[in-house]
Each structure stands twice: as C-alpha cells, then as structure tokens.
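Asks: Make a model of the complete structure from these sequences and hints.
There are 4 protein chains.
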Amino acid sequence: MKKIKCAVLGATGVVGQNFLKLLSGHPYFELTAICASDARTGKKLAEIKEHVKGGIPAEFKEMTFDQNEVKALVDKGVEIAFSGLPTEIATDIEKEAAAKGIKVFSNASSWRMDEHVPILIPEVNYPHLELVKTQQKSSKGFIVTNANCTTTGLTMALLPIIPFGIKKLVVASYQAISGAGYPGVPALDINGNVIPYIKNEEPKMVAETRKICGAFSNNAIHPTDWEVFAHCVRVPTIIGHLISVHAELDKPADYESVLAGIKNYKTPAAVAGLPTTPEKPVIYLADVDRPQPRYDVNLGTPKRTRGMAVAIGRLEVNKNIIRFVTISNNLVRGAAGGSVLNAELAYRQNML
Amino acid sequence: MKKIKCAVLGATGVVGQNFLKLLSGHPYFELTAICASDARTGKKLAEIKEHVKGGIPAEFKEMTFDQNEVKALVDKGVEIAFSGLPTEIATDIEKEAAAKGIKVFSNASSWRMDEHVPILIPEVNYPHLELVKTQQKSSKGFIVTNANCTTTGLTMALLPIIPFGIKKLVVASYQAISGAGYPGVPALDINGNVIPYIKNEEPKMVAETRKICGAFSNNAIHPTDWEVFAHCVRVPTIIGHLISVHAELDKPADYESVLAGIKNYKTPAAVAGLPTTPEKPVIYLADVDRPQPRYDVNLGTPKRTRGMAVAIGRLEVNKNIIRFVTISNNLVRGAAGGSVLNAELAYRQNML
Amino acid sequence: MKKIKCAVLGATGVVGQNFLKLLSGHPYFELTAICASDARTGKKLAEIKEHVKGGIPAEFKEMTFDQNEVKALVDKGVEIAFSGLPTEIATDIEKEAAAKGIKVFSNASSWRMDEHVPILIPEVNYPHLELVKTQQKSSKGFIVTNANCTTTGLTMALLPIIPFGIKKLVVASYQAISGAGYPGVPALDINGNVIPYIKNEEPKMVAETRKICGAFSNNAIHPTDWEVFAHCVRVPTIIGHLISVHAELDKPADYESVLAGIKNYKTPAAVAGLPTTPEKPVIYLADVDRPQPRYDVNLGTPKRTRGMAVAIGRLEVNKNIIRFVTISNNLVRGAAGGSVLNAELAYRQNML
Amino acid sequence: MKKIKCAVLGATGVVGQNFLKLLSGHPYFELTAICASDARTGKKLAEIKEHVKGGIPAEFKEMTFDQNEVKALVDKGVEIAFSGLPTEIATDIEKEAAAKGIKVFSNASSWRMDEHVPILIPEVNYPHLELVKTQQKSSKGFIVTNANCTTTGLTMALLPIIPFGIKKLVVASYQAISGAGYPGVPALDINGNVIPYIKNEEPKMVAETRKICGAFSNNAIHPTDWEVFAHCVRVPTIIGHLISVHAELDKPADYESVLAGIKNYKTPAAVAGLPTTPEKPVIYLADVDRPQPRYDVNLGTPKRTRGMAVAIGRLEVNKNIIRFVTISNNLVRGAAGGSVLNAELAYRQNML
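These protein sequence lines are chains P, W, C and H, in that order.
If you read the first sequence in our numbering, its first letter stands for residue 1, the second for the next number, and so on.
If you read the second sequence in our numbering, its first letter stands for residue 1, the second for the next number, and so on.
If you read the third sequence in our numbering, its first letter stands for residue 1, the second for the next number, and so on.
If you read the fourth sequence in our numbering, its first letter stands for residue 1, the second for the next number, and so on.
In short, the hints are calculated from the structure, not lab data.
Glycine included, every Cβ here is placed at the ideal spot set by N, Cα and C.
Check the hints yourself; a few may be wrong.
[Stated by the list, open to error] So the derived list for chain H, only partly shown, Cβ under 8 Å to chain W, looks like this:
(1) Lys53
(2) Ala260
(3) Asn264
(4) Tyr295
[To be verified] What follows is a list of derived Cβ distance ranges for each label pair:
(5) H/Thr87 with W/Ser37: 50 to 56 Å
(6) W/Lys167 with C/Thr87: 56 to 62 Å
(7) H/Pro183 with C/Glu50: 35 to 41 Å
(8) P/Glu50 with C/Thr87: 36 to 42 Å
(9) P/Glu50 with C/Thr41: 43 to 49 Å
(10) W/Thr91 with H/Pro163: 57 to 63 Å
(11) C/Glu50 with W/Ala99: 45 to 51 Å
Replies: Encoded structure:
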C-alpha cells in the first residue's frame, strides 16, 4: 500500500520533534518535507538542537529543511501537513494550505474555535471529524486541530465520567515546562517556583472543553453547557500536565460504579486499532500518591502508543461529586500524538 | 517589664528553628530552654544543622539542649512552651505539660480537633482563645494550637471573603517541601516531579477550616457547615504553600466589592499591634502572574512580621463564585509565627 | 542450558531494583530469591515503592521477600548473589555468604579495598578477576565488587586515555541524587542547591581508581602511583554522574591521536559480546555542550546494555594535558549493571 | 556633600536591577537616569518584571526610562554610568560615553581585555585603577570593568592564597542560572540537568584571571604566567557560582599557614571602609559541606555589603597543592556590586 506523503511544519520545535519521532516507521504516512523558519532553510535535520529523549530518528537526519510555506508542500506533492507552528504564524499558513488542497492536522490554537474546524480527540468525539466537509467547498483540503494540551488530558479523563452526567467542573492544573515550547519558560522564572498563570490557557480550557464534548448534528457542533472553572499553573516538571479535577453531576453516583466505568472503559470501535490508539486510553492507578509526572507520562500499549494513555488516580465519589487527579503527556497525547491519531482516523474514514 | 520564660520543644526541626528566629529579641518572651530528642541532650545549639536562612540567632547559640520532656521545663521555671514536636510525640508531652501548669502553644496536630482546644488564628477567630478556660479546671496550663500550614493560608485568605457568605470551597494546593519538615521529602521523589498526595492533609483542610471559621458560644466552638473539598499536592518549591481557591457563596457578589473587601480589610482591634501582627494580613497583588513562592512568602510589615501576611492574586468574581490564588509562608504564618502570635494574644488578654 | 540460580540482596533499594530490571530475561541467570530487611519478609515484590522507570519487571512481581540473610540463599540453592546492600550490613552478610560457597557480586563498598577482593570493571581490568582464586581456599565462594559509581565512570572514560601515560588526575564531579539511594538526599537540602561534599566519596575516588587501574601479577593487584585529586559534589539531577576531568600525562599527546583513541577504542575480546557488554563502552559526543544527564545516561547498544556506555565530550589536548567531561549512569554502569557484567565475565571464564 | 549624578544602562535586566538595589540610599551616588531598550522609553520603572528579591526600590519606581544612548546621559548631566548592557550593544555605547566625558563602570565584557581598561576588583588589584589615566587623553571619561562573575569569585578566593606563590590552577565551576541574565537559560534545558558548557566563559576565566592578578607598572598591566584550566558548568541553582579550586604552588605550604592566611586576611587600607567594601571579603566556613548556594551567597557585613564577601570551605593542603571550594554572589560581587565598589574606589581617589 502506498504511503501518504506528509510534512511537518515547525519541525524544529518541541512539538515538531515529537511529530518526527511518531512518524518514524509510520505505517500510513511518509515524511516528505520538514519545514522551519527561514534561517533553517537548506540545513540538515541532524544539525538542530534535540528536545526529545532518544533524539531525532536516524532515518530523517539527512533531510533538509524547507521554509514554513505552503509552496514547499505543494512542490513536494505533500497531501497532509502536521503543524507544530506557533499560533502567530499558523493562522495564515494553515488556511492557505487547506485552500491549496492540503489536509492540515494542527497543534496550533489558531483555528480551534472556528465553527467549521473540529477540535478532534478521537476517543472523545470522533463524529466531529465529519465537520471538515463543511470546509471542503472550494478545495479538498481542510484543517483539523487537536486540543490544547491541558484540555486534552482533561477531556480524555472525563471519558468514563461523562455518562454520569456532568454539570460543573472545577479544575486546577500542574503544567510542565515543555508545554511552553522552546525556549519557553525561563529557568530564572520557574526554578524552585510555581507560576499561577499561563497566558490564554484558562479560557481555552473552558471553551475547548465545551466544544470537544459537545454534540455534533446538522453539520455543526453544539457545545455543552457545563460550567467550567480552571486555574492553570506552571510547575517545574519537564513533561506531563497533572490536573486536580472536581466534577459535579446532575445526580448522585456511587464509587464502585464510577471506578468500574473507568476500569472498563472501551475505546469506540471507530477509533480502536489505529496505529496510535492505545489499547486502554484511560488507566486507573490504585496507589494513593499517583499519578506523578516522573513516572506516569508514558503509558500506552502497544509501544507505538506510549504517551497516548492518560492516568487517573485518587478517585473519590461523594453524592453528586466526583473528584480525581489525572495526568497526560502534553507532548504526545496533548500535541503531536493527538494530531497523528486524528490523521489516522481520517485515513480510516477515507478522507485523505 | 519582666519577660515570660519560654521553651521551644523540638527545637532542632525546621519549625523549631523558626521559633528560635522569631523569639530572638522578642519583647514579651525570654527563651529559657531548648528541647530536643535524647541524642541532643547537652549539646549546644550551635552544633545543629541549620534550616533557616540567616542561621540560628547568635544570642542562642551557646544554649544547650534539654530533652523533650516536661521535667526540663518545670525545672527551669518555664511558663510557656512553643511546640514544634512531631505529632507522634507531641500528644503525650503537650498534655502532660498543660497538666503541670504550662501554657502550650503548639504547631503539632495532636490536639487540634479536641473539643477543648482552639485552633487559633487571631485575625480569623481570636474569640476562640476563651475556649482554653474549659481546660483550666485542674491546672492553670492549657494547649492552644495553630492550624495546619495550608489551612492557615486558606483561612487567612478567606478573611475578607467570609462576609460575603461562603457555602462551598473547592481548593487545590501547591505545597512546598519544607512543609514536610526535615529530612522530610526525599529529593528522589520530588525533583522535577509533583506528588498529588500528602498524608492526612486533606482531611485536616476540611475539618480544621470548619472549626477555625466556626462560631464560639456557650464555651464551645460550632464548626461551619461549609462544604470543603481539597486536593493537597507537593511541588518542588522550598517555602510557601500556594492554593487555588474556588469559593461558592450564598448569593451573588460583584468584583469591585470583593476587591475592596480584600484591599480594605482591617485587622480586629483585639489583634492589631501585637509584635507579630502584620499591619495588613492580606495583601492583594495586581500582577496577573502573582503570587509566586519565590517572591511572595515574606510579606508583612513591620519587619518582625515578615512572613505573617498572606498574598492574594488573580481575583475573579462571577455571580456567586469567587476565585483567586493565595500564598502563605508555611514556616512562619503557617507554623512558628502563628503560635508566637497566639501567645502574644494570650499575653495581651492576661492569660499567661 | 540451565540457568544459574541467583538472588538479589537489598532488593527494595534503588540499586536493588535496577538489579531486578537487568535480571529480567537474563540469558545466564535465574532470579530465585529476593531479600530485604525483616520488615519485608513474606511481602510481595509488587508492594514496594518503585524507583525505576518502567517499574518492577512483571515476571517477578509475585515473588515474596526473604530476609537479608545467608540462610535464605542456602535454603533456596542460590549460587550467586547480587548485593545492593547498604555498606553497614553488607560487610558481614557478604563475608558469610562467600564462606558458605556463594559467589557474591557486590555494589557495597565494604570489601572493595580488601587485598583479596577485586574491584572489577571488565573493560578496564578483566584480569583482576583471577584474584578471587586467593579467596577460594576454604570455600568455592568469593566476593567481587564493582567500583563506587563515580569511580566507575571515571575509569571507564580513562580507558582510551591510559595508553597515553597518565601521571595525575584532577577531577570534580556533578553527582545525581539517585547515587545516595533511597530515601537518600532530603529535598530540602538539594532543591535549587549544590552540596560540595559527599561522605567518604573522595577517598574512594582516589584509592579505587588506583587499585582498578593497577597491574595484576603474582596473584596480587599493584595499584598505580597516579596522583588523584577529587572534589565530589551533589547536584539536583536524578540519574547520571558527570565529571570534569583534567589528566596530566608523562609526555605530550596530540588532539587527533587522543580523539582517535577514544573513537576507535575496542572492547577487549575477553569482555566483548557478553549480554551486558555495550558494543562501544565509550562514546564521543561532538556537540559542544554535551554530555548532559538528562540526555546521555542511557547510551549503549544492544538494548540490554543501555546505560552501560559512558559518554565523553569537550575533549581538549594541550601538550601533556588532556581535558574532557564525561558522564555515566550511576545506577546501571556504576552499580547494578556493573555487577551483572562482572558475573557474566565469571560465567564465561567458568568460575561460577 | 553633593552626590554624583549617575545612570544605569540596561536597567531592566537582572544585573541592572541589582544596580538599582545597590544605588538605593547610596551615600556618594544619586540615580538620575535609567536607560533601557527603545521599547521601554517613557515607561515607568514600576512597570518592569522584577528579578530581585524585595523588588525594585520604592524611591525609584516613578522614574521613567530613557533609551540606552549616550545622549540621554549627557542631557541629564550624568557623570558616571553603571552599565548592565549586553555585550553586543555595550561595545559602542560605552566607548562613546567615555569619549563624551562620562566615567563608565561596566559589567559588560566588551572592553575587559583592552590594554587601557582595567578589570578592577579592588581588594585584588586596586592599583590597576591608575590605568584609566591612559584613557583620558582626549576626554575626562573612561571605562572601568568588573570581571566576569565566575572569575570574580575565583580571584577573590585566591586573595589569601596568592602570597603562597601560585603556579597553576585547575578549576571547575557550578554556575547559577541567573548568571545568564533574563530570559537566559530555558528551563527546558536546565531543569534536573547540568550543562557542561557556557559560551565564552572558559577563555574569560583564563585571560581575566591572569590580567586581574597581574602586576601594574609603567602604566601597563602585566598578566601573570599562571597556567589556568577551567571547566564552566551550568547547574540548576538560582544565585551563586560555586567553584572547585585546585591550585599548585611554586613550593610547599602547610595547612595551618594557609588557613590562617584565609582567616586573617585584611582588606587593603586603600579599599577598606568604602560603603560597599565588606569587612571580611573572604570568609572561611568550617562545616564540611559548605559553602552552598542556598545558604552562603549573602555574606558580608555591614548590611550594605551583603553578597560582597565570598566563602571558602573544605580547605586541603598537600605539599605544594592547595584545594578548596568557594562561592560568590554572581549578581552582587560578580556584577553590580563589583562595579559600584569600583566607582567608590574612584570616588575616594578623586577620579570622579
């Protein structure tokens, strides 16, 4: 079977490098172009500063950078583009790429709240992918986004809770420095410190959560009416956004049912078995002091899906209140891995 | 005026050393005995490992340790004892000391929930000090405790919010490693990590908050019926427990009124002007990314009260919901400084 | 081929758990007993706190602990014991085990400087293994030690330098907290700090380096007469001891020869091809800012040898002075992996 | 007495803010202008992000920024300028300022190795200040630099060692992140890590040390011929550059003499008693595990000189080899405080 030609936009960044890692040996996609800012054009991938453990995949190291521009993609016959671009420049490039017929799977926030663009987290809302058809009037191209990294972890963890009827969420996050990209957070700000503010993050948590968990009908997404309150806080960890979750339900639940819901959660058939779909997307950790960033951000089997499963711990249920702590890998599940999975879903649905 | 002879129990620990620092040059109290575990008996204070910046006060360095026992206190004519003892051993020693006529001001949790023992935070509940009279039937001694360090910060920050009518609290903490004492948290556990569990901490947050904020009448404390939900999390900071606070009120409030309430908060006359009472116990920080542990744990004027004021930032008011972030110095306001202030209040009220 | 029955002494510790990880699926050795302090006896391995990423190997989780005693080993027919015991208790147990015929491969420092005990680092001094024959007069048992973790990294990095004629070494280390075991270094001591002293470490660096690099003849080790000066410093990293090395030679060398010596270093045939022997034990990193603990502590191919190769960077040669920076994995190469490799060498030489 | 009008160039940076702190209430100098990059012009000092504990001095908060240009200084009648400029832009501005008659006391490295510019550390080489007269042919202005922050700490610590006759130095540093300014080191690079390379730092250590410790005669500085070898390494600490020092002497020394030399070191009369001169510039710490960044970077009495004294610990003397560990405050002694002291020396010598 012929693989689909793909590109990574913003390939030098923290998210970009995670795209490269995940595309190494990918069964559907073939990396054809790597794009970066002007300054990199013509240089080899081998020359960049590495931000992933294990380094840049050896098979790609001799590739040379193109500029972050649609022209390069078109010239190389790229059909899909994974975007790790900073928001400021993603807005125009992604729009132009879609207009030129390229399918864009983006980690940037630029288009997330656009009414024609889904924020896709397959296990949570795979039907939303249909929305892209409303984009395809003048071109076969489209934009699909993954969610903000913290929102991704939250909505994944809510998967087994949603059936109990959510009404209100009060969350506080403990977000790793890698979430800010590179160079990102100055060490002088965060060493031995905690910063209780991350620009634009809290409104994203509110709006994206509602949109992701909304119903899809009549070619439109109808956000939920959940009340969502979030404090987003940077802490000095490297990878893994941990969240304290307090959920209030429409009606009481009991501990055993909720725990069983978490443990027995089954991935929807539409999503199960894709190369980057973890067998169990939500894993319950019984130890009283877990999950923790240093130990629990690489969950997921089979091996290709490491970092795609989220962990839940410390479940408490008290009448209509469910409380727990959750963690997700902000670079894999919350960024590059999320978009790769989105593309795999589109592939399965013959939308590429 | 003659100073009152005091002792520090558990003087080698992190809290104990903060007691020493605060008692240096104290206008009411004279340090007469320092007590530690057997192994230290007879050694000089100068020999211990320092856990406070600036070190052990020079004036005390030649003092020698007595054992952590009531006998030593009685022999030296100590009238009040500041206890930085670990809970396990505090239970018996503090009870015996009170029985022998000594006034105990304790940072240990052993007696906090006893019906005759107040958890005193003067600005919040100075009338509760009266409760000790119910302890003084067979001895002039008594026990007064300060609250758990995180609870202290929370209730202090709620001071200007309480008048708006609290119904429910959902909080998540970001607690410094010094809160666990010494040796406390192993570096191997917390370096570049976050631990979403601190033994016994969350139940304390719930029960102590309700008791502290309860009414005092008929010689008894009547805890509030607030719903309180807490996640207590250790983060790799050194000093300062930060808390994300979500408070739900009986009725709507507006931003300007709440902010004015915080900014104009006045210390009750019964408490104002004590040596360790900060002029402003609650300080609002307007910068969007504050408070932060590295910068905001030493608030308080005049100088003797540094670390006694708590900071609030990021205030949001939305109908009946008030949200903010607060920080307090867990070693000063949340531990040694709290008990010293409690003793000062007792001194002013002629209870020593 | 029948596997040799082995035990891990001190199996709950940081080094002990690394032994378990390395023994999972080992081609020569079969884990038959896990031993720990009294308190653990009869408990399952699954119950302990994990200190290795990826956790305890699933295949061992149902094993139950025996006490750290020779009797348990004898009863279970154990032939070799890997010791991750603390020095204080290793001294007697290891001696007794050897007297009872067990071959002990130890990470403890108790017997390292004994004249009949080799400090074995196969690539550096495989002939020293012969020394154990001087121990085997009354029992087939013996003790072989691996070196102190920092010394291991240093001597491994010196492998390609030794041929140039070393006369003097001046080194300064940057040692990770995991080197102190668990609970080890209190977070309150090392968070945002550096501690320029590690008990007993510097004398070990001097004496062990000289013994390891000494000649073996007439059934005795003859330490080198190198001058060795070391400052050993704890830094807030998790795994990986980095060392600044300044070596002075008998005579001048040139950069190209030294670099070629490093790059072309070949593992001695006696050691090559063992399950835990890395193909290249010393790897040169050309980037100017490497090696670094976060990125370079898991070098080694094939996969079973990850963490067994050391990295060298920043080579400078100036007349008779060679300078570089090196890093090694203190838990694998500098501890558990070193002893496993030692046992493999003994296996190949039919000494088990 | 009329104070001398001074300016701070680069006032928003980490070093710039330390200049502001040290100039608050200064007996000789009056802050007349604060300069920053274009973007700040006209804004108030109160608006900048704080990088010093205790914040920007209140008395300066209403001052508005001028541009980092000589014109502003001339217009405001500034006589001396303290420069916290980045090297790239310091080169031209400092030269022009001196040409226009302004006395520049600079923390930038641009002019340090110029044959007419002294690298002044008063206790070490106060006679070098005379060198500026060779600059004053066409203008009364001149440039005096302080040393690189690590070099400052090293040469200060060598003060009591120099009389024993230094021949060779082998040093390895443990440098705090604040040494890189703001934003400086990305947290993603240094969290839980160590980086064994700091651009340009090692050559500075070699060349500046030799120049600073060189003799001054015939209107020229004659660098020492010491062999100096340095590895400069970034570690995750906030303030304080620690250095492992190995010094080889012309002839043997003994421990007692060297220790006495350190303890009895007397500040030269030419330097003693200036507002920023610490009573004891070199302080010996007897505890085996000191100095440490978290505890020992604010040494110096009287209060205005806090951070100006360096600490030495772990002294060893072995024949002609002296070894110790030292620490200095890289922002005060190694930067802003150094230049303020230089200006005070010039003031005393009637050179302003």
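Asks: Next step is simple, just say for each hint if it's right about the structure.
Replies: Hints, verified against the model:
With 8 Å as the threshold, the beta carbon of H/Lys53 comes within range of chain W, its nearest partner Cβ sitting at about 7 Å, so the hint holds. Contact between H/Ala260 and chain W, as hinted, is not supported at the beta carbon level, the nearest pair being about 22 Å apart and thus beyond 8 Å. Look at H/Asn264: its Cβ only gets to about 21 Å from chain W, farther than 8 Å, so that hint breaks. For H/Tyr295, the suggested interface contact is upheld, since its CB lies about 7 Å from the closest CB of chain W, less than 8 Å.
The hint said 50 to 56 Å for the Cβ distance between H/Thr87 and W/Ser37, and at roughly 55 Å that hint holds. The beta-carbon spacing between W/Lys167 and C/Thr87, approximately 58 Å, falls within the hinted interval of 56 to 62 Å. In this structure the supplied range 35 to 41 Å holds for H/Pro183 paired with C/Glu50, their Cβ-Cβ distance being about 36 Å. The hint said 36 to 42 Å for the Cβ distance between P/Glu50 and C/Thr87, and at roughly 38 Å that hint holds.
The hinted range of 43 to 49 Å is satisfied by P/Glu50 and C/Thr41, whose Cβ atoms lie roughly 46 Å apart. The beta-carbon spacing between W/Thr91 and H/Pro163, approximately 60 Å, falls within the hinted interval of 57 to 63 Å. With their beta carbons about 46 Å apart, C/Glu50 and W/Ala99 fall inside the hinted range of 45 to 51 Å.
In this structure, the hints that do not hold are numbers 2 and 3, in rising order.
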